[in-house]
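In order, the protein sequences belong to chains A and B.
If you read the first sequence in my numbering, its first letter stands for residue 1, the second for the next number, and so on.
If you read the second sequence in my numbering, its first letter stands for residue 1001, the second for the next number, and so on.
Hint data in this document are derived by calculation from the structure and do not stem from the laboratory.
In this text, a Cβ means the ideal position worked out from N, Cα and C, and glycines have one as well.
Fair warning: there could be bad hints in the mix.
Claimed, not checked - Pair by pair, the computed Cβ-Cβ distance ranges are: (1) L1027(B) / D164(A): 31 to 39 Å; (2) A60(A) / E1197(B): 51 to 59 Å; (3) E64(A) / P1102(B): 18 to 26 Å; (4) Q1023(B) / T93(A): 55 to 63 Å; (5) D222(A) / P1102(B): 33 to 41 Å.
Said to hold, decoys possible - 25 Å max Cα-Cα, derived DSS-like pairs, lysine-lysine: (6) K113(A) / K219(A); (7) K1098(B) / K57(A); (8) K1123(B) / K1067(B); (9) K187(A) / K140(A); (10) K183(A) / K169(A); (11) K1098(B) / K59(A).
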Amino acid sequence: MSEQKLPMVEAEAASDGASPPPVEVEASSVRLIGTLTLAGALAGIAIVMAFQWANPKIKAHDAEVLRQSVGIVLGSPDHYETVFLDGGRFTATPAADTAGLDRVYVGYDASGKPTGVAIQAAEAGFQDIIDLLFGYDPAKQEVIGMTVLNSNETPGLGAKITSDSSFIKGFDDVATPLLGVKKGQGKGKDDEVVMITGATISSRAVIKIINDRLDAIQKPVDAYWSTIAPKTAASGAATSATSGGSGQ
Amino acid sequence: MRKTTPQEDLLRGIWKENPVLVQLLGLCPTLAVTGSVENALTMGIATFFVLLGSSILVSTFKSVIPKEVRISAYILVIATFVTIADLVLHAVVPDIHKSLGPFVPLIVVNCIILGRQEAFSSKNTVARSTLDALGTGFGFIITMMIMGSVRELLGNGTFLNHPVFGSHFEPWVIMVLPPGGFFTLGFILLAIGWKKEREAETVKPRRWPHGVTTEVGGTV
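Hey, can you work out the whole structure from these sequences and the hints?
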């Protein structure tokens, strides 16, 4: 039997006649560099334009998420103020650039009285970093709320730290440092947080994150609180009138 | 060699040469972000955008890009579109962008996109490259949707976060975990392989052009 070639579909081949076969001429180094330089410059312009369009929206969203999260952990304050850890003490007006400074958010009620401090913390959980925000009342030395900002814990198990309402409510008005206890093994003490069955590692990680963060900044936070609490008690209404909306 | 028709250019990537189910390319995002329909669809659309934009640009400028730096130039074009897609997703759907994690920037190294530039767009007209990118992109989206639907339905009992099976359904958590991705893709590939095998078994004698006839089990 003589061999005959079947008509094969060669989709990848240039064959519509519109583009002639390229002439194999080695390009000069100048042309190679020029081509990539021009392409890089055009790419840079395109990226900058996209960034300028997107960045305000991204920042606005981040600010809204932070405002909502602070509201959750501090019980819907009227407004909040961002204070920075500068030279070992918290201040609302740091001397240095605020970009690299640690910060917390102090919530105030409508009369200008401070209601608590929202503190962000992040550490390793079971699968990945758990990023959370918790409320802290320096006057009572208590954690007053917690919300998970970001986590990649196991769906259906560790991920319950973001959705299990009884676990999340367990962080309301708990004395510091927190103590994690398994379900049914608690003794009813003020510092106990009941962990989630089946998500013990993630639950314990959340408690550890809060304790570690408080270990690091509880003293300067308490010191700052002592400076604002008497001041706002004396001139609460005036502070509320001048502070305006949410600070960032 | 026979010239392909526009319909073939468009439809080839959707089924016959589906990038994931036939060519087994782009498996990283297919396995990693199809735990939910929302994530799968978003990743599919982002990849579609990058593929389409890159194919149009590469086919437009193919004659001015020296062959010595063509791969670098393709990567530059792809990376630009990926960065734009990443920024747009971050601005428009920030929650989904967060849940997709690093897999949006990783579209840069998706074999489907660079493969189509090197194999097709760099050798064909803008119109044909656009059709090819549309077909391949839709093929990828369809595959992502199938994977995402199966995994979310079984692993969470929902479709686009809406409960489907009611409160009595106990979710198969493993389906939204990494093993669930392998199980789902494996079963889909198994089904496709079984179907192809059945088709091959039932193929009838066919008359080719030039008077050549084939029979089952025979030689040309």
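Now for the hints, and whether the structure bears them out:
Separated by about 34 Å at the C-beta atoms, L1027(B) and D164(A) satisfy the suggested range of 31 to 39 Å. Between A60(A) and E1197(B) the CB atoms are about 55 Å apart, so this pair conforms to the stated range of 51 to 59 Å. For E64(A) paired with P1102(B), a C-beta distance near 24 Å keeps the hint of 18 to 26 Å intact. A C-beta distance of roughly 60 Å is found between Q1023(B) and T93(A), which places it inside the suggested range of 55 to 63 Å.
About 39 Å separates the C-beta atoms of D222(A) and P1102(B), a value consistent with the hinted range of 33 to 41 Å. At most 25 Å may separate the alpha-carbon atoms for a hinted pair to count; K113(A) and K219(A) meet this at roughly 20 Å. Note on K1098(B) and K57(A): the hinted pairing holds, with a Cα-Cα distance of about 15 Å set against a maximum of 25 Å. Pair hint K1123(B) plus K1067(B) holds up; C-alpha atoms about 12 Å apart against a cutoff of 25 Å.
Restraint check for K187(A) and K140(A): the C-alpha separation of about 21 Å stays at or below 25 Å, so the hint holds. With a C-alpha separation of about 14 Å, the suggested pairing of K183(A) with K169(A) holds against the 25 Å cut-off. Distance check on the hinted pair: K1098(B) and K59(A) sit about 14 Å apart at the alpha-carbon level, within 25 Å; holds.
The structure meets every hint from the earlier list without exception.
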